[in-house]
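The listed protein sequences derive, respectively, from chains B and S.
With the numbering used here applied, the first sequence covers 2 to 301.
With the numbering used here applied, the second sequence covers 2 to 301.
Be a bit skeptical, because a hint or two may be false.
Any copy will do: because identical chains look the same in the list, a pair fits if it lies in one copy or spans two.
[Stated by the list, open to error] Below, in silico cross-link-like pairs of lysine-lysine (DSS-like), each with a Cα-Cα straight-line distance of 27 Å or less:
hint : residue 1 : residue 2
1    : K255      : K296
2    : K214      : K296
3    : K258      : K296
4    : K164      : K141
Calculated directly from the structure, the hints in this document are not laboratory data.
There are 2 protein chains.
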Amino acid sequence: MPLVVVGSVAFDSVQTPSEKRDNLIGGSATYFSYAASFFTTVRLAGVVGDDWPPEHTELLTARGIDTAALVVVQGAKTFRWSGKYFDNMNDRETLDVQLNVMGEHHPELPEQYRRCEYLFLANDTPEAQMKVLGQCPGAKLIVADTMDLYINNQRDALIDLLKKIDGLVLNDSEAKLLTGDENLVRAGHAVREMGPRFVVIKKGEHGAMFFSKHETYVMPAYPIPDVVDPTGAGDSFGGGMMGYLAEQGNVEPKTLKEAMAHGILIASFTVEDFSLDRLKKIDRDDIARRMEEYKRMLSF
Amino acid sequence: MPLVVVGSVAFDSVQTPSEKRDNLIGGSATYFSYAASFFTTVRLAGVVGDDWPPEHTELLTARGIDTAALVVVQGAKTFRWSGKYFDNMNDRETLDVQLNVMGEHHPELPEQYRRCEYLFLANDTPEAQMKVLGQCPGAKLIVADTMDLYINNQRDALIDLLKKIDGLVLNDSEAKLLTGDENLVRAGHAVREMGPRFVVIKKGEHGAMFFSKHETYVMPAYPIPDVVDPTGAGDSFGGGMMGYLAEQGNVEPKTLKEAMAHGILIASFTVEDFSLDRLKKIDRDDIARRMEEYKRMLSF
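Take the sequences, apply the hints, and build the full model.
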């Protein structure tokens, strides 16, 4: 089943304790699409300026990603994010954000996108996410991501959105912020009670937790000794998870759990190099091999 | 197989965001023994003052714990620890430590202790741990715990100790401190290369990691919605792990992994109430039931 993602396409500047890289291919929809492309056809919607090199788009289309709705705005500049990681490589500081063309653009999905059953609303304002959602009335599974900025400043719109989506993916500090509860088990269920059928809390190097009415579970991250750049790990997780669900064509509890595991594994590859560099070098067999190790790790 | 533990027996004062409790039964050897007593005979060595109520000792002996080497020093006071948990219930601040009788006492193990094959050196100075170790030349498995204080102030003695033990259990911040490496996967193996055959890094609410020459794995904590008091979780983990190993009578990789899981589960009970209160209310069946849920959670 094809999978639609609407989100940011960006240039990233990343500083780690050992290295600094500028003008990397980044953005939530970029990482998401690339990660999901191991499992299914992805249709990406986003916007860039005329500083976006065609080769970057070709990198995505070469993976079978539909970029028909990646709008290039002449005379505008692409979204830029710049961040710095602390020594633990899990915490980071945003140094600079230049919304540029992202600030003015409202995605209008082409017809082949609107027919999709699987939709992921990557991190954007809840209003923008709601507008996209309205364009896909036949979607069978709508999952969204959000962030602290919107939890703080657009809470009402976010609460409205939560009633319209099937799943929400957010990180641990965001779940605490949204619910005011420091216990992640309670926080996860409290978010779920705001509307979505299921909630996934991403815990970075500690893995991810899943919450539905009848299930609560946690899956650890795959242990990586050499984390080079954690940027995009969360979006890769989303892409792996949604890509697997779209491939399987169902959202049964068993499939959701397998999807969580695939999200965790794709993220474990992403952090092994800057930008998409590690994902560019792997194929489905590499994922399957690591999955076997992961399953072995968790069985006793 | 009987299991010997040498460590602190204490009065704790605990402040959580919602409650304050004084004069609780605490101490590393206390939590460890109680947790291990679900699996095997435990022989506890430690020291208390004459302010220690006999009922507290009876609570341990009623579990089959041998307290022959729990020395009561007349005219002395029992070790006291006082701490305060932050809202996240994972981080804490030590408010006060009164070593009292712990500061002067050097454990001399009775004969039935010296013959034990399973030995756990709970958190103490590396010199004190080394002295105990010397009294058990026939021990088949010696595992130690340590803490930031000794990593900082008695590093050389700790490095010597690491060459003499089979396993080390320490928490994530201690592993980073000991190795200077912020990546826990590398840190775990770096500690292992200092001597012990295996290393366990405890990550609090995020579970625990295991490192041997040929294995690296992480096991998540069992999700607990109502954490009342995390004190003793780490020592209960150690007790569950070592108790299970002593019960099984071997340290094969398979048994070690099952032991990790048992440690994680016992700790998940400990945090559900103050002091030993939750452990007092469970039996082996409760552990087995939660183990089934834990296994189900990790399988997909």
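Now for the hints, and whether the structure bears them out:
For the homomeric pair K255 and K296, the shortest alpha-carbon distances inside one copy (15 Å) and between copies (15 Å) are both at most 27 Å. In this homomeric assembly, K214 and K296 come within 27 Å of each other (Cα to Cα) both inside a single copy, at 25 Å, and across copies, at 19 Å. In the homo-oligomer, the alpha carbons of K258 and K296 lie at most 27 Å apart both inside one protomer (12 Å) and across protomers (14 Å), since each shortest distance falls under that limit. In this homomeric assembly, K164 and K141 come within 27 Å of each other (Cα to Cα) only inside a single copy, at 15 Å, whereas the closest approach across copies is 59 Å.
Against the hints set out earlier in the document, no violation occurs for any number.
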